Every structure is written in C-alpha cells, then in structure tokens.
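Undergrad: Let the sequences and hints guide you as you build the complete structure.
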Amino acid sequence: MHELLMLAIEGTVFAVPTTYLVEVLPAVALSSMPLQPDYISGLMNLRGEILAIHDMRRHAGLKAKEMEETDKIVVASDGKIKLGLLVDKIEAVQRFKEEQLFAQSLSPRAFRIIELKDRNVHIKDLQDYLDD
Amino acid sequence: MLEFLTFELNETKIALPVEAVASIFEAVAFQPSKIERPGILGDFNLHGEMIPVLNLDRHWNREPGAIKLDSQIVVLRLNDGRIAIIADDVKGTIKVSPENVIELNAILPEGALKNPHGLTMHDNEIYYVLDIESLLDARLEDLLHA
Chain A
529 MHELLMLAIE GTVFAVPTTY LVEVLPAVAL SSMPLQPDYI SGLMNLRGEI
579 LAIHDMRRHA GLKAKEMEET DKIVVASDGK IKLGLLVDKI EAVQRFKEEQ
629 LFAQSLSPRA FRIIELKDRN VHIKDLQDYL DD
Chain B
261 MLEFLTFELN ETKIALPVEA VASIFEAVAF QPSKIERPGI LGDFNLHGEM
311 IPVLNLDRHW NREPGAIKLD SQIVVLRLND GRIAIIADDV KGTIKVSPEN
361 VIELNAILPE GALKNPHGLT MHDNEIYYVL DIESLLDARL EDLLHA
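Keeping their order, the protein sequence lines are chains A and B.
When we follow my numbering, the leftmost residue of the first sequence carries the number 529, and every step to the right adds one.
When we follow my numbering, the leftmost residue of the second sequence carries the number 261, and every step to the right adds one.
It is worth saying that the hints were derived from the structure and are not from the lab.
All figures in this text were calculated on a predicted structure; none of them were measured in a lab.
Yeah, the Cβ is synthetic: ideal placement off N, Cα and C, and Gly gets one too.
Some hints here could point you the wrong way.
[Unchecked claim] Computed spacing ranges between beta-carbons, pair by pair:
1) A:596 with B:309: 37 to 43 angstroms
2) B:339 with A:552: 47 to 53 angstroms
3) B:283 with A:594: 38 to 44 angstroms
4) B:321 with A:534: 48 to 54 angstroms
5) A:626 with B:393: 49 to 55 angstroms
6) B:385 with A:623: 37 to 43 angstroms
TA: Set out below in structure tokens:
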C-alpha cells in the first residue's frame, strides 16, 4: 500500500509519500538570502530550526509567483534533513494499492511523485516511482 | 559564545563577527569612484586614509537598494587593510553559541552554488552570517590594492 499526500501546483496534481511528511503549515513570510538559488523561495524558522523552502513551481518548471496567504508549506524530511515545499493547495492523503498506481501511471494525466534526495527535491513520473 | 554585529541590507538581516569590525559611522559620505571598480561604490575618507566602500548587493549580483541618508558605513578590519560596507540599519550585537551557526551548504542542495557563508538565529530572526575571508576574494583583493 502506498500512502501519498496529494497536492496541487497551478492545477497540476503531485504526490508526496507520507514517509517524508513531517507537517503542513500555512505559508509565512520567508527570509531571503544573498545568492539564493531561484528554486528556493527563502528560509523559514521552524521552532528554532532553519529550513530552506523550495518553490515547487520552479521545480515543476512553472513560472514563479508571489506567495499567497492560501499557499501551504509541506515540511518534509528524508531522515537526514528537513526542508519545506511551497505549494498552492493540499488535496488529501490517499492510499493506493500497487495496481491502482500502475493503472494511474498509464493515464496521460497521471500525477507525479515528489521525492527528496541529497537535500534536494526530485519530481518523478509515476512509472519511474513504481519501477524503483 | 560567538559575537556578531547585526545589520540590515536590502531586507536581508546580516551578522558579521565583531572582531572584524573596526568602526561604524552614522552618516554615509564617500567619494564616488573615478575609475570603474566592480562592486565598489567609492572611497570613504577616514582621517586621510581612503577606504574602498563595497556594495554587498552588487557583490552578490543583486539589484542594489537605494542608499539613504540614515544608511551607515561599517569599516571592516582586514589582514592588510580596511574595507567599508554600507548598512541600511545597524541593529547591535548578538551572542550565539558556535553550534547555532550552520553552514548554508548544509541545507542547500548538493550541487547548488557553493556558498561559504552561514546562518544563525537570534530572537526568532534568521541572520546571514558573513564569512569575511571569502568575501574578500581575489578580485576584491586586487581592488583594495588598486
């Protein structure tokens, strides 16, 4: 069984395995830093811990936009480091059987999976996620 | 404990080691550069010594903010000279324990632009900790001695 947090970025659905999930927060003003990579929205103080907040629009190849009050920050961790994912909307947590995900992967509108690796965010096609 | 001078520049909160700070001047008055020196705004006359004034925004490839009447000049002590930087608002000093200063590279993705500076937090504010040595790269060393 795969448990995924479904979220939306400009109407496109992505999913984060809940194994990465720490918490979901409303968007807050972020601190900027010099030489900030364009896929980083800024820095956030999470109860004394500094997190880099990734702009999922940029990771998804979409145009950046100003942060809105309705945006959400998904705090995720791969066990080594925590980071934040700035997204438009949280849909729901859904559980999928392997065969359901396989069927979904055949659809041209299949959602994609967000994974963490090397302190970075990687967006994978569902088929690649299942192959792994 | 480590002690830092804190100031704001173009909405970024910056901390630099107090031992690197020679002096702070309230009024910004410097002579604009007669020759083009990338990142250098001009020279600050400190008792006859001409000290290059560095624009950190340009150094970081950012659009520089406007220099205001109440901007301040922070003169930094170097191994073999001095350099000045513009601050929008010098806040004061903070003390933080060494373990509360983290390297930026520790939270940025592998392969991101290597950034020698650090981060720390005080009173729930995040500060960008300037690494003075790396700030003075080879290009700047040349400018200091130009």
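Undergrad: Work down the list of hints and note, for each, if the structure agrees.
TA: For each hint, the structure was consulted:
The given range of 37 to 43 angstroms is broken by residue 596 of chain A and residue 309 of chain B, whose C-beta atoms sit roughly 51 angstroms from each other. Checking the proposed 47 to 53 angstroms range against residue 339 of chain B and residue 552 of chain A shows it holds: the Cβ atoms sit about 49 angstroms from each other. In this structure the hint that residue 283 of chain B and residue 594 of chain A lie 38 to 44 angstroms apart at CB holds, the actual value being about 40 angstroms. The given range of 48 to 54 angstroms is broken by residue 321 of chain B and residue 534 of chain A, whose C-beta atoms sit roughly 38 angstroms from each other.
In this structure the supplied range 49 to 55 angstroms holds for residue 626 of chain A paired with residue 393 of chain B, their Cβ-Cβ distance being about 54 angstroms. Distance hint check: the CB atoms of residue 385 of chain B and residue 623 of chain A are about 41 angstroms apart, consistent with the given range 37 to 43 angstroms.
Figure legend: structure checked against the earlier numbered hints; hints not met, in rising order: 1 and 4.
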